[in-house]
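Asker: Now for the letters of each chain:
Number of protein chains: 2
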Amino acid sequence: MDDLASAEPTPGGGGAAAAMGSMGVALLSMVARLTLGKKGYEGVADEMQRQLDESESLRGELLDLVEQDAQAFNQLMAAYRLPKENDDQKATRAEAIQKGLQAATKVPLTCAEACAAGIRLAARSAETGNRNVISDTGAGVLALQAALRASALNVSINVPSIKDRDFAEMARNRTISLLEECLPMAEAVHERVKARMQE
Amino acid sequence: MDDLASAEPTPGGGGAAAAMGSMGVALLSMVARLTLGKKGYEGVADEMQRQLDESESLRGELLDLVEQDAQAFNQLMAAYRLPKENDDQKATRAEAIQKGLQAATKVPLTCAEACAAGIRLAARSAETGNRNVISDTGAGVLALQAALRASALNVSINVPSIKDRDFAEMARNRTISLLEECLPMAEAVHERVKARMQE
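Same order as they appear, the protein sequences are chains A and B. The numbers in my numbering rise by one with no breaks, and the one at position 39 of the first sequence is 39. The numbers in my numbering rise by one with no breaks, and the one at position 72 of the second sequence is 72.
Quick caveat, the hints were computed from the structure, so don't treat them as lab data. You may find that some hints are simply not true.
[Claimed, not checked] Straight-line C-alpha distance at most 25 Å; calculated SDA-like pairs for lysine to any residue:
id, chain 1, residue 1, chain 2, residue 2
1, A, 99, A, 159
2, B, 106, A, 100
3, B, 38, B, 195
4, B, 194, A, 39
5, A, 194, B, 88
6, A, 39, B, 83
7, B, 163, B, 86
8, A, 99, A, 180
9, B, 90, B, 74
10, B, 194, A, 194
11, B, 39, A, 197
12, A, 99, A, 77
13, A, 38, B, 38
14, B, 84, B, 194
15, B, 38, B, 66
16, B, 194, A, 131
17, B, 106, A, 99
18, B, 99, A, 113
19, A, 194, B, 83
20, A, 163, A, 100
21, B, 106, B, 166
22, B, 84, A, 132
23, A, 99, A, 83
24, B, 38, A, 83
25, A, 38, A, 197
26, B, 194, A, 180
It should be emphasised that the depicted structure is a prediction, and the values quoted were computed from it without experimental measurement.
Throw the hints in and build the complete structure from the sequences for me.
Answerer: The structure is reproduced here in structure tokens:
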């Protein structure tokens with residue numbers, strides 16, 4: 001938290017998004033663990049085990065992305081600092097910047113994909129998870145939704161500067177598609193959680 | 001993260017909400033620090049210093065709430081485990097449970113208030129913060145919005161079991177009022193951030 005609040009640009013919003021996503025799936029893991037072996041939930045044991053395997057896998061992926069985001073940002077900053085005194089240097093620098101921009105876009109795009117997978121998983125957790133801890137599925141899906149939207153912001157920062165228009169369009173379209181699929185899904189999960197809390 | 005994902009119920013959704021809120025204001029602190037002393041932002045230096053003081057104060061408060069949430073939950077669980085073999089024991093246990101429920105409601109309510117204060121602060125950060133890092137204000141407000149909504153879920157869990165109806169109504173109404181004020185504000189901040197990213 002101190003590093004996040006400091007004037008150092010990393011960790012920043014990208015790392016925070018990955019950390020939030022990781023918290024979201026960690027809560028889904030907790031719900032799965034508090035459902036497995038509990039009375040009344042014997043029938044969903046196999047499904048809960050699959051949810052747990054998936055949430056733990058996503059958790060590892062999202063935690064790695066915290067570090068990858070900082071590395072990609074630092075790589076891009078190093079490219080901007082390359083010398084530009086003659087045409088050769090300018091060309092080398094421009095190429096390094098383009099590589100850096102693509103790397104700094106791939107990380108939040110991968111984070112968005114993982115958060116979307118987390119939201120789809122939360123939809124299953126909201127149906128089958130232990131009702132006594134279902135508010136934790138609710139907190140989890142809210143964290144994942146915020147992380148997805150923050151990742152989308154971080155894709156948007158870099159896309160306009162990327163010269164490979166095929167890559168830029170792919171990143172932009174994929175992000176829009178994930179938001180269109182998963183933001184309404186996250187809202188529905190939140191509603192479903194509130195309904196189950198009142199059962 | 002390992003503790004959050006474990007079968008131990010604490011830390012759970014309440015602690016995660018406080019941690020998310022803390023990440024949100026940490027990002028606002030970073031934006032304030034990366035605006036102070038920067039060329040073109042001399043005119044907002046006093047305002048940015050006020051924002052930084054406020055975000056750092058909220059960050060401390062939200063980090064404390066992570067621990068307070070676990071303590072309140074454990075206190076409530078201890079009350080449920082009290083003996084109930086005779087009328088005296090039953091009365092003592094019922095009173096301890098009611099105290100525990102109120103404590104376990106006050107923590108997410110305080111968290112919701114702090115997140116709401118963070119969202120109001122993000123609205124100022126989105127206007128005056130350094131445009132180069134304004135996406136971090138965006139990630140911050142998304143974290144605070146998710147934390148506010150998760151805190152509201154955690155208030156809702158306990159309110160129906162609280163016998164002091166004045167307290168219960170106060171907690172419910174205050175939560176609704178914070179959501180009504182701050183969820184649209186957070187969406188407006190997110191839109192403002194996206195607009196400034198394209199300037």
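Asker: Against this structure, judge whether each hint is valid.
Answerer: Evaluation of the provided hints:
no.	hint	verdict
1	A/99 / A/159	holds, 12 Å
2	B/106 / A/100	violated, 47 Å
3	B/38 / B/195	holds, 21 Å
4	B/194 / A/39	violated, 48 Å
5	A/194 / B/88	violated, 36 Å
6	A/39 / B/83	holds, 23 Å
7	B/163 / B/86	holds, 21 Å
8	A/99 / A/180	violated, 28 Å
9	B/90 / B/74	holds, 19 Å
10	B/194 / A/194	violated, 30 Å
11	B/39 / A/197	violated, 51 Å
12	A/99 / A/77	holds, 12 Å
13	A/38 / B/38	violated, 57 Å
14	B/84 / B/194	violated, 58 Å
15	B/38 / B/66	violated, 34 Å
16	B/194 / A/131	violated, 38 Å
17	B/106 / A/99	violated, 50 Å
18	B/99 / A/113	violated, 43 Å
19	A/194 / B/83	violated, 32 Å
20	A/163 / A/100	holds, 12 Å
21	B/106 / B/166	holds, 14 Å
22	B/84 / A/132	holds, 22 Å
23	A/99 / A/83	holds, 16 Å
24	B/38 / A/83	holds, 23 Å
25	A/38 / A/197	holds, 18 Å
26	B/194 / A/180	holds, 17 Å
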